[in-house]
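Colleague: Protein chains in written order, with this note's numbering: chain U, 4 to 240; chain C, 4 to 240; chain W, 4 to 240; chain F, 4 to 240; chain X, 4 to 240; chain Z, 4 to 240.
Calculated from the structure, these hints are not laboratory results. Each hint should be verified, as a subset may be incorrect.
Repeated chains share a single entry, so a pair holds when one copy, or any two copies, can fit it.
What the hints assert, rightly or not - Here are the simulated PhoX-like cross-link-like pairs (lysine-lysine), alpha carbons at most 25 Å apart as the crow flies:
1) Lys189 with Lys135
2) Lys237 with Lys189
3) Lys17 with Lys135
4) Lys135 with Lys237
5) Lys238 with Lys135
6) Lys16 with Lys135
7) Lys238 with Lys189
8) Lys238 with Lys29
9) Lys135 with Lys213
10) Lys16 with Lys237
11) Lys213 with Lys189
12) Lys135 with Lys29
13) Lys211 with Lys189
14) Lys213 with Lys29
Number of protein chains: 6
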Amino acid sequence: MTSLSAANREALKKTSTATLTTVLFKRGFRNVFIQGVFLLNRDGPRMVGEAFTLRYIPAREDLDQLGSFEGRGHPQREAIEACPPGNVLVMDARRDASAATGGDILMTRLMVRGVAGIVTDGGLRDSYTIEKLALPAYCAARSAPLNLVRHHAVDSQLPIGCGGVAVYPGDIVVGDPEGVVVIPAKIANEVAEEAAAQTLFEDWVEDKVKGGRSIFGLYPPSAETRAEFDAWRKKPR
Amino acid sequence: MTSLSAANREALKKTSTATLTTVLFKRGFRNVFIQGVFLLNRDGPRMVGEAFTLRYIPAREDLDQLGSFEGRGHPQREAIEACPPGNVLVMDARRDASAATGGDILMTRLMVRGVAGIVTDGGLRDSYTIEKLALPAYCAARSAPLNLVRHHAVDSQLPIGCGGVAVYPGDIVVGDPEGVVVIPAKIANEVAEEAAAQTLFEDWVEDKVKGGRSIFGLYPPSAETRAEFDAWRKKPR
Amino acid sequence: MTSLSAANREALKKTSTATLTTVLFKRGFRNVFIQGVFLLNRDGPRMVGEAFTLRYIPAREDLDQLGSFEGRGHPQREAIEACPPGNVLVMDARRDASAATGGDILMTRLMVRGVAGIVTDGGLRDSYTIEKLALPAYCAARSAPLNLVRHHAVDSQLPIGCGGVAVYPGDIVVGDPEGVVVIPAKIANEVAEEAAAQTLFEDWVEDKVKGGRSIFGLYPPSAETRAEFDAWRKKPR
Amino acid sequence: MTSLSAANREALKKTSTATLTTVLFKRGFRNVFIQGVFLLNRDGPRMVGEAFTLRYIPAREDLDQLGSFEGRGHPQREAIEACPPGNVLVMDARRDASAATGGDILMTRLMVRGVAGIVTDGGLRDSYTIEKLALPAYCAARSAPLNLVRHHAVDSQLPIGCGGVAVYPGDIVVGDPEGVVVIPAKIANEVAEEAAAQTLFEDWVEDKVKGGRSIFGLYPPSAETRAEFDAWRKKPR
Amino acid sequence: MTSLSAANREALKKTSTATLTTVLFKRGFRNVFIQGVFLLNRDGPRMVGEAFTLRYIPAREDLDQLGSFEGRGHPQREAIEACPPGNVLVMDARRDASAATGGDILMTRLMVRGVAGIVTDGGLRDSYTIEKLALPAYCAARSAPLNLVRHHAVDSQLPIGCGGVAVYPGDIVVGDPEGVVVIPAKIANEVAEEAAAQTLFEDWVEDKVKGGRSIFGLYPPSAETRAEFDAWRKKPR
Amino acid sequence: MTSLSAANREALKKTSTATLTTVLFKRGFRNVFIQGVFLLNRDGPRMVGEAFTLRYIPAREDLDQLGSFEGRGHPQREAIEACPPGNVLVMDARRDASAATGGDILMTRLMVRGVAGIVTDGGLRDSYTIEKLALPAYCAARSAPLNLVRHHAVDSQLPIGCGGVAVYPGDIVVGDPEGVVVIPAKIANEVAEEAAAQTLFEDWVEDKVKGGRSIFGLYPPSAETRAEFDAWRKKPR
């Protein structure tokens, strides 16, 4: 697997998920935006990192009791300690947010361990504490019930679905205040580069529009506009 | 079509959508509040204006490619430039917010052109930029994917549905931080006038309730309360 | 019915709904968190109080006209005046938030009367006014339409469902910024006590995690951790 | 309460729910068709009868155990024995069909007791046995789980909602293979009479259409068509 | 627009919608199956024909009264008389089946006029009469309420969405007992031809599987299997 | 893992899923009925067998092309050939039935191989052919689109969710015309035995009810009724 360069990792922190969907669409990817999740802590850092996956299935009353968390071996607790720094923990909770898939203590532990963020299509509990952590945390609902009433953590680092999108371990997961995009690992570098270029262009366009220019011939650009932008881009600033 | 007077346009900016639904209910209208949308920019101006409509159907892979935006003629781009200043652009996206129906560049253009606001029952992308514009923008979700993955802009200025409500071009669209109400054009002036009167009364009631008065006989008012209010209203202030 | 002690009432104001779901789960209760509601006014006081219930059924056009609110006897208006200070008014609106179940005037009256809060699985109107009141108010949506277009208030103080949870009059209803938990009346005191102890422990755990400690053996605690916590707890501070 | 005449009861058995919605619409009723239910036994008799209501709220683990059915006093069991012959048992299960609200033994008992039918917006279990009974039974799903996992029968003969429609005890409930319509008790006789006349006209129209006639001027009828129909109706047959 | 050949029209009557989705997928079309509709009359003829579209928006109380059907000009009634023989009437009801978009009289008129079928993502009323007509009729629900309570027919022969799929006037609409596929007009002939060939192959595969053969190397076929099939196909029968 | 005895396997074929949910409820299991699936072929055999699981995640355009089915190794094709005779193939399609998870050729292969049945919470295509096979097949919808447009088969024999229920490989899966129940493997024999006894009792009760007896004291039985049943059961027949 090609790894994401340090420069591109930084570049992706300045790229919007909107721009990324367009760059991925050009390569034939139509379903890359995790549906139905929102960011708890809008004042935190931007989220970029490799996907580390955790999968839940429905709970079963005989297995999912409080004792199951004790000692070692519970897949959720193991994942919290195993997710590498710089990675994003992505949870498949079958889009069921009627119970939590984590709370403030686990989220704090992820933050302290240097994890880049967390995404779940289930709920998060203690959400008003989590929203003050310096950890990007995306969930489908603020949901107090402990995971055992609905979810059973079963395994990690397998391909999963999250919010309707396929997530393979190692995919690059990017979050902004709008939501989360998943970039297939093998094209992450080229997507990052094209997205950075596209961001530069769109910022220039926004500037022109604020100045009163019509979108016709500007967005998307005509040949003249493209030349105008190229000239501007080469100007020393 | 009777046009909304300048005075009533200003009055509607001070009227709540809640009060408008009551005034419309008295005239037999039960379904006037656009369901499932929220305001992105709560610090912006209040929204009042004539509906300018845009309709999307589901995307089709052969037609909905990036090239379709080039040049002139794309219905979405044309609508952005055609919607008159003071009007509200209302989009029918079939209540499907899994993709966007516009982003920050188009919203900025609408703002610069003097459009009064925008309402869509689909998504908006670059939502955290849009929320800082001085343009009331209502959508069903923050949604990064470009419209082409789901939506095909097909025509404008036809009657549409938006959030389950009929919207005819020229209807008066009013938004507050709670949501959006659609007033049939032909009764917009009388509705505005009655709503202004009702607002005055409800502010007076709120004051009384804050002072400790029971709602019985007050809201709705008994004959005595009505007289008391009338007296107060006529008092010089 | 055992009544909640004053000390436990205060303790519950410092307890999270997340912790309460765990304490209730230990006693076999899996469905105690009202689904799909959110808090309008996050700066207000915490909500703890006995449930006072109000039930809506679907509206019927011949019965649900504006005149129905006049005089005495309308169940919604009666409930607003009857709900005792310190209680929480809980409304069953069949999880239909396409219309309101109350607005700013009624909410103000509740606040003035000393009611501890209000929970509805329908909508609230004038929500941007309500969110400034010192009254905890939970609803399923900001929804301008008056209740008559969808809801008919029919009776109060019967057992109801709210957000998928059974609510019996007198149950203890606790709200925090995450949502609302319903505690069966007869176990409210023991739940409050256990939750307070659990909160103390979790705050200590959070502190340890912030200091870099792994969750293994800590959360849930091993025998050693439990002893460590007990020693800490007994230390004079 | 005016009671439905024997002749009108028979007439309603030959009237479609479609025609009834039109007759009720003329009187201002727009929401009379129970949404989301279907008929299990299409070979059974047509259903007409007074509503006898039963209400469920969400189950609670401490109350809803198998022992609760023992002896007398369980509201569901009591309703099965109390619903008068000729009435229709209508159940409010909050449109949650993930568990049953009755099974074959209870349905057989209703049939033997001469009850006219049963409507629930929850599930029915043993549905493939029920579908062979001579008892019209409408439900939202075939659903095996016993009611205790989700539903708690709480009271009967109160106004309820069923499938989004208000049902007052004594309302006339009419079912055909398409579904179920609720007629307010006080207008049941006049609605039955107008529906019978409308049915006669529509059968005549259907005949004309089968013969090749255009619907213009026929449906709805012009003055000429109305005269033609009146002449036909008066002809001895 | 290329027109569908008579031979291909017949061929499509013997092709399954499943096979058509595969043939269209090869050409990049992923969204061609109308979601959420079912066939009322499974004993009727197979449906193939050009799309004739009709569009509904939400009803409005002042416009949608029974009088609106009178005389000429009502878009629904006009469409019933205008849809050419051999075409399929496709209705966009915004996937809202809580009211009907047609009933037995209109469906009978379509049948008599030689229309090839009808598809709506709303409801149909008098469904148990329609299911006996020799007219393929697909709907989202059996729904008694007249269209006026929810739907307003607004125009025809514009591009629409139906069950989440784009439908352009003239597209070829094919139905089998599983559902309905929409083929873009310009590729209808080539799709029909490839689908016929694929059907022949799949029938041969089904035969082999019934005889006990493994699917490996058979479905999809290896080079050997492909040769075997080609030999069989050329054999005189 | 205890294996299901041959006698209990046969007994379960005569047991209803309704009765099984009650027997499992007594042991604390509340969530055992797969939600949202129905039986395609009601004339086929009853379904009992060990769960063999297959898991789908969302499709991704670069991976999910027709070529992926070729040769060996595609998880869906491998599962079709690997599921042991007598087992039930249970598919986790994330409750998304907008595309198929199998069609007639694969279902025929399962039947020929002696598989006991198939359950998917996604769609099945060629459903009207499948419904004539002697293979119990449960799905969430008749859905023509090939799986590649939405689903990616990823692995088998892992614990999954299906229709909201946990399914572990080896669990006993029982289907009747109402739906499907999942019995944890370790208690399958005792559940089968208790369910058979309960079935005998309920058949006796049904007989009594048909004869006119009230349900009070009968269902559930009083001590007298229990004695009466025991006497009847011991009588030679």
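Colleague: Please go over all the hints and tell whether each is borne out by the structure.
Modeller: To see whether the hints hold, each was checked on the structure:
1. Within a single copy, lysine 189 and lysine 135 get their C-alpha atoms no closer than 34 Å, and across copies no closer than 36 Å, so neither meets the 25 Å cut-off.
2. Taking the shortest alpha-carbon separations for lysine 237 and lysine 189, neither the intra-copy value of 30 Å nor the inter-copy value of 45 Å comes in at or below 25 Å.
3. Taking the shortest alpha-carbon separations for lysine 17 and lysine 135, both the intra-copy value of 22 Å and the inter-copy value of 18 Å come in at or below 25 Å.
4. In this homomeric assembly, lysine 135 and lysine 237 never come within 25 Å of each other (Cα to Cα): the closest approach is 41 Å inside a single copy and 30 Å across copies.
5. Within a single copy, lysine 238 and lysine 135 get their C-alpha atoms no closer than 42 Å, and across copies no closer than 29 Å, so neither meets the 25 Å cut-off.
6. In this assembly of identical chains, lysine 16 and lysine 135 lie within 25 Å of each other by CA distance both inside one copy and across copies; the values are 20 Å within and 20 Å between.
7. When the C-alpha separation of lysine 238 and lysine 189 is checked against a cutoff of 25 Å, the pair qualifies neither within a copy, at 34 Å, nor between copies, at 48 Å.
8. Taking the shortest alpha-carbon separations for lysine 238 and lysine 29, neither the intra-copy value of 28 Å nor the inter-copy value of 46 Å comes in at or below 25 Å.
9. In this homomeric assembly, lysine 135 and lysine 213 come within 25 Å of each other (Cα to Cα) only across copies, at 13 Å, whereas the closest approach inside a single copy is 34 Å.
10. Taking CA atoms no more than 25 Å apart as the test, lysine 16 paired with lysine 237 passes inside one copy only; the shortest distance there is 24 Å, against 47 Å between copies.
11. Taking CA atoms no more than 25 Å apart as the test, lysine 213 paired with lysine 189 passes in neither setting, with 37 Å inside one copy and 36 Å between copies.
12. Taking the closest pair of Cα atoms, lysine 135 and lysine 29 never come within 25 Å of each other, the shortest separation being 37 Å inside a single copy and 29 Å across copies.
13. Taking the closest pair of Cα atoms, lysine 211 and lysine 189 never come within 25 Å of each other, the shortest separation being 35 Å inside a single copy and 39 Å across copies.
14. With identical chains, the CA atoms of lysine 213 and lysine 29 are never at most 25 Å apart, being 27 Å at best within one copy and 43 Å at best between copies.
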